[in-house]
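J.: What follows is each chain in one-letter form.
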Amino acid sequence: MAIDCLVLGAGQEIGKSCVVVTINGKRIMFDCGMHMGCDDHNRYPDFSLVSKSGDFDNAISCIIITHFHMDHVGALPYFTEVCGYNGPIYMSYPTKALSPLMLEDYRRVMVDRRGEDELFTTAHIANCMKKVIAIDLKQTIQVDEDLQIRAYYAGHVLGAVMVYAKVGDAAIVYTGDYNMTTDRHLGAAKIDRLQLDLLISESTYATTIRGSKYPREREFLQAVHKCVAGGGKALIPSFALGRAQELCMLLDDYWERMNIKVPIYFSSGLTIQANMYYKMLISWTSQNVKEKHNTHNPFDFKNVKDFDRSLIHAPGPCVLFATPGMLCAGFSLEVFKHWAPSPLNLVALPGYSVAGTVGHKLMSGKPTTVDLYNGTKVDVRCKIHQVAFSPHTDAKGIMDLTKFLSPKNVVLVHGEKPSMMILKDKITSELDIPCFVPANGETVSVASTTYIKANASDMFLKSCSSPNFKFSNSTQLRVTDQRTADGVLVIEKSKKAKIVHQDEVSEVLHEKNHVVSLAYCCPVKVKGESDNDADLIKQLSEKILKTVSGAQIHESENCLQIGSFKGTLCLKDKCVHRRDISSSSEAVVFFCCNWSAADLELGWEVINVMKQNI
Amino acid sequence: MKLTCLSKGDGFHYPPCHMLNLCGFRILIDCPLDLSAIKIFSPVISCVASEASKYPSDESLDAQNPIQKKHKLERQLTFADLVCEEPWYKTVKPLHLWDASFIDIVLISNPMGLLGLPFLTQNPGFSAKIYMTEATAKIGQLMMEDLVSMHAEFRCFHGPDNSSFPGWIKNLDREQVPALLKKVVFGESGDDLGSWMRLYSLDDIESCMKKVQAVKFAEEVCYNGTLIIKALSSGLDIGACNWLINGPNGSLSYVSDSIFVSHHARNFDFHGLKGTDVLIYSDFSSLQSAEVTENGCISPDPDNNYISTTSDNKDSLLNTEDSLEEMEKLEFICSCAAESADAGGSTLITITRIGIVLQLLELMSNSLESSSLKVPIFVISSVAEELLAYTNTIPEWLCEQQQEKLISGEPSFGHLKFIKDKKIHLFPAIHSPNLIYANRTSWQEPCIIFAPHWSLRLGPSVQLLQRWRGDPKSLLVLEDGISSGLGLLPFRPIAMKILQCSFLSGIRLQKLPTLLSVLQPKIVLVPDAVNQRINFAAMKTISILNYFENKTLRVPRIADNPSVEITTDLASKLSWRKLRQRENFGIARLKGGLLMEDGKHRLVSGLEQEESSGKARPLRHWGSVAPESLLDALLKIGIKGSLEQSIGETGSDDNSIIHIANPSSGLIEVSEMGTAIITDDENVASQVFQAIDGILDGI
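First to last, the sequence lines map onto chains A and B.
Just so it is clear: in the first sequence, position 122 is 122 by the numbering used here, and no numbers are missing.
Just so it is clear: in the second sequence, position 305 is 305 by the numbering used here, and no numbers are missing.
There may be inaccurate statements among the hints.
As the list claims (entries may be wrong) - Below, simulated PhoX-like cross-link-like pairs (lysine-lysine); rule was C-alpha separation at most 25 Å, straight line:
{"#": "1", "chain 1": "B", "residue 1": "Lys422", "chain 2": "A", "residue 2": "Lys493"}
{"#": "2", "chain 1": "B", "residue 1": "Lys422", "chain 2": "A", "residue 2": "Lys279"}
{"#": "3", "chain 1": "A", "residue 1": "Lys290", "chain 2": "A", "residue 2": "Lys130"}
{"#": "4", "chain 1": "A", "residue 1": "Lys26", "chain 2": "B", "residue 2": "Lys274"}
{"#": "5", "chain 1": "A", "residue 1": "Lys290", "chain 2": "A", "residue 2": "Lys302"}
{"#": "6", "chain 1": "A", "residue 1": "Lys417", "chain 2": "A", "residue 2": "Lys403"}
{"#": "7", "chain 1": "A", "residue 1": "Lys190", "chain 2": "B", "residue 2": "Lys210"}
{"#": "8", "chain 1": "B", "residue 1": "Lys211", "chain 2": "A", "residue 2": "Lys462"}
{"#": "9", "chain 1": "A", "residue 1": "Lys305", "chain 2": "B", "residue 2": "Lys274"}
{"#": "10", "chain 1": "B", "residue 1": "Lys420", "chain 2": "B", "residue 2": "Lys374"}
To be verified - A short, non-exhaustive set of chain A residues, derived as facing chain B with CB atoms under 7 Å:
{"#": "11", "residue": "Arg43"}
{"#": "12", "residue": "Ser283"}
{"#": "13", "residue": "Lys512"}
Claimed, not checked - Far from chain B by the CB rule (all over 10 Å, computed), these chain A residues:
{"#": "14", "residue": "Thr121"}
{"#": "15", "residue": "Asn127"}
{"#": "16", "residue": "Ala134"}
{"#": "17", "residue": "Leu196"}
{"#": "18", "residue": "Gln222"}
{"#": "19", "residue": "Asp252"}
{"#": "20", "residue": "Leu311"}
{"#": "21", "residue": "Phe469"}
{"#": "22", "residue": "Ser472"}
{"#": "23", "residue": "Asn473"}
{"#": "24", "residue": "Ser474"}
{"#": "25", "residue": "Ser517"}
{"#": "26", "residue": "Ser541"}
{"#": "27", "residue": "Glu557"}
{"#": "28", "residue": "Leu571"}
{"#": "29", "residue": "Val609"}
Simulated from the structure, these hints should not be mistaken for laboratory data.
Just so it is clear, the structure is predicted and the values come from calculations on it, not from any experiment.
Glycine is no exception: its CB is placed at the ideal position from the N, C-alpha and C atoms.
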């Protein structure tokens, strides 16, 4: 049995996350993302690697989407509506609720920007989302008879999950994107200690180790505050969901504390509507937010208002969240055109900007003029601030999670190759876990756990749970309980294997026990007059203890017992067990001994001691 | 497995309580409070006497004239008979006979099953793990806090009383006390006294909830590595659940009051309960509702009783008839409320079932909005605000229609909008400043008020009922079974219209056979009362056992021998033996550590692998040794022996003795039972042993 991990996207790169894992014959697609930086066919994962014939329903057992970012869900409508996949799709509740907004937003921006053919239509999105089954955290879902999946909190964005999948005895975890530290509105990733054959982890920050994000949050707040205090306007271009809410929470909170009255605007109805979702999905946020929400829902932003186009030229300071992010097109770009020339103003860019966008140009240098579109140029005199915190885990977080889960194998995806290689070496050397960094289109195969199943008899189980105390008496008395399961595995053709206690074996086989034992009536020379049997036994046992280490000797009136070895003073004149009687010495007593074949060596050892005399 | 039904409960507000012994663990299922017993106490009513005297009636006369009372023992109960003291609360009686420190697990199926838990967790020896769903924990906690805050009114009224024995019980033990009252206090058999407890405090609730492990639906939690416990939606109310327990000795499902199709909560998830070894059926709702037929809500449907084909089974379980009926009831309440508002009367709704309240609020506001009536809706409860806010943040726990709302970005329940529009007003208490000062808000009559508590002894409903009881235009909406007996006694005479509602709170009896044929458990445990009412003859494949209140029922283990998983690591080290006699068998000696993980026995490689001794020599032999063949075998290895047939003392058994002379002297005794090697030569002994081993099968 093996696990095959085929990387369709995000192999040694960031974008279009898509990993297809085959566990014991079941195929699961984790994420189905789109590459935001590609314009050609490369923007989608190469689905033909999954099924040449295009019969995806039989090729894939289910799809699981970890969160609503475009590079994780972007190709889903294409895959279901254009490629024709009709099987089950699982997402967390927030992801199911918010993905359509993200997809629609992106679709609109792309059509606006390039005027190109739609990648997928609004109807595609709606149809696709109808097939989605919403799941809750930790809910154990039986996809079919063999495949079991479970979602764990990942903390990256609202509703982000890590996914555990199990088929038979083999189990894996696909992390999606995750964050190991609590942030402003989301908790840290949380997972049980699981027995895993494979961990597929993101590695965006494979080599970075970040300290607290609070200083960087403060930087951001101070930059915005300085701008509005000076009468400037602050523009924060962002996509509808995720960062907008997080930054807005920061600002709203800061505004409260500092008693700032400058208005905060949301550009379109969309983001306000998104807040509605956030309010309903409060149980997916951090503990801190959840506790506060009884009195005040933190997504009920007090200082936030709707923005109106006429306000672009209104005098006075303000803060504006405008879609889309990266200043790639649309309203945010229009506002930028008007606000960029003033040195009072500020543009704060959260997150990553894809090459080719205005956002990317602003971040990569300090341009004085920027080409907007169709040759329109604008002077950039405003301040540029890059928001430098990100909801991805850092290298320490990846190492911590890997150490915590201790999987048998690790596959890294969603990162940049050079740093992934460094992390790979670290995992291999420090944690001693085989680690793979496959490129797109490559498959990693690892062995999977299987257990052999057998029925156990009650007697066997009872014998396992009976304590087996060992006393060692070197300097201090030490008692250890070394329980070992000691049984016999019996396999009969075309029947389930059985584990029985050794005493039961013959019964199972319908046979009679046959005891093989040894016997010998051993002469012991006695010095002097020791009439007392008990004394004799005592002397003997002391002697035996000296040579036979660790023996537990039971003494009774006229008999000695060590394990199955039993020696009794023999008073008979003619014992059948007596051999080669050389009645040379008069002072001889006989010990009639017998022991089972199991204690063959032990018996002889004792006999040898006895023979030596006293 | 052993099941003891501690209490079969009484309706929605007093769920059943069971003690289960499974795999050696004691599991308590639910820990409710019998809140209906609180009706023996007198509510806190301002100037009762003067109010009551306005209405000339027997009751008021009696109240003023206690001497007359003694002469008329069997006459009607009066207000004065009620206990005018700080109330105590009645818990599940037999639970006190169990040592709380011996309980290993507590499973709470719904918020009502949580209300008595602080009494248990107060016990210093209590150390059990408590499982319930997140929603049950939250709603249950709010209900308990509400109970404590409503109870505080009694404290204020009666003053502090910290005696450990309730004085009022002494007074009730007199002869002249009406039998009805006595029955509530002392129980049918007269030994319920110990079950009365003084109410817990907020601190007790807090420390109780700290011990709780909240779970999601279908989350698997593992207790002690042995039991895997899973909560599955029961559909009764938000967060209410049934339990599935998997252990090494088989699986068990516990079905509490369940509703197949719910309009607010997740539907009854019965698919997850399929094919368990044991099913405990603990839905007593059909018994209680069948007794109350006056409301016309229960119409036993004899045709539907025995459906045997499984194909239409699920459809018949999931038909929406019941849920439509429930909706009709709600709509009827709304129309009644609108009618009385039209006539200038107010409506007091004392229903506290949260699902019903949420649906009523939405229906009521919608119907008011569409009509021309301008009637405010008030919700008065110390936890109203928090509870209503909470219900809009838990789409995961709601039915599919509500989840659709999440997808389209609407709040789960409509009350949010109406609260914003000031159509619904929330107040923590009747004396909230904003409610009283009319200039600040919109207290106006007629109005529609949702106010706890359904028992009519606690909370704002008492004062409001007092205010409106003489008004024939006003409407009182009650939960089922309150109007009879003691319930309305303190408020008589009542001129208000009374609407008593019974809502579906479990599986209808006629659906049970169908449900069982879908679930296919091997053994079903049903309450004797259910068994009497239903013909299980059709269920041939399922064995049915009855259980009785306060009797322990033993259920034999039906699963095969427990399954053990062997790691490949260990399995690869096994050395197999082929048997001479039986070709079909393969046997191997197994040595390792036995673990209990995820409810499964697992054999792993032990710390020290004693391979050498294990492989070297078999320790057990079976079969028989023919002396002749042993002689041959000995000859082959160079040992010469001679056979001597000896007749044993009994003469019957054929002991054979083989004498060995060369290389040293020895004896071999061979019998049916065993073989003994008698020699003083170690080498010879070993050789002989090997020869015997070559003849016998062994391990």
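J.: If a hint holds in the structure, say so; if it doesn't, say that too.
T.: Here is how each hint holds up against the structure:
no., hint, result
1, B:Lys422 / A:Lys493, "76 Å, violated"
2, B:Lys422 / A:Lys279, "20 Å, holds"
3, A:Lys290 / A:Lys130, "29 Å, violated"
4, A:Lys26 / B:Lys274, "23 Å, holds"
5, A:Lys290 / A:Lys302, "18 Å, holds"
6, A:Lys417 / A:Lys403, "22 Å, holds"
7, A:Lys190 / B:Lys210, "20 Å, holds"
8, B:Lys211 / A:Lys462, "33 Å, violated"
9, A:Lys305 / B:Lys274, "52 Å, violated"
10, B:Lys420 / B:Lys374, "16 Å, holds"
11, Arg43, "27 Å, violated"
12, Ser283, "6 Å, holds"
13, Lys512, "6 Å, holds"
14, Thr121, "18 Å, holds"
15, Asn127, "14 Å, holds"
16, Ala134, "7 Å, violated"
17, Leu196, "14 Å, holds"
18, Gln222, "33 Å, holds"
19, Asp252, "19 Å, holds"
20, Leu311, "25 Å, holds"
21, Phe469, "16 Å, holds"
22, Ser472, "14 Å, holds"
23, Asn473, "20 Å, holds"
24, Ser474, "18 Å, holds"
25, Ser517, "5 Å, violated"
26, Ser541, "21 Å, holds"
27, Glu557, "24 Å, holds"
28, Leu571, "18 Å, holds"
29, Val609, "13 Å, holds"
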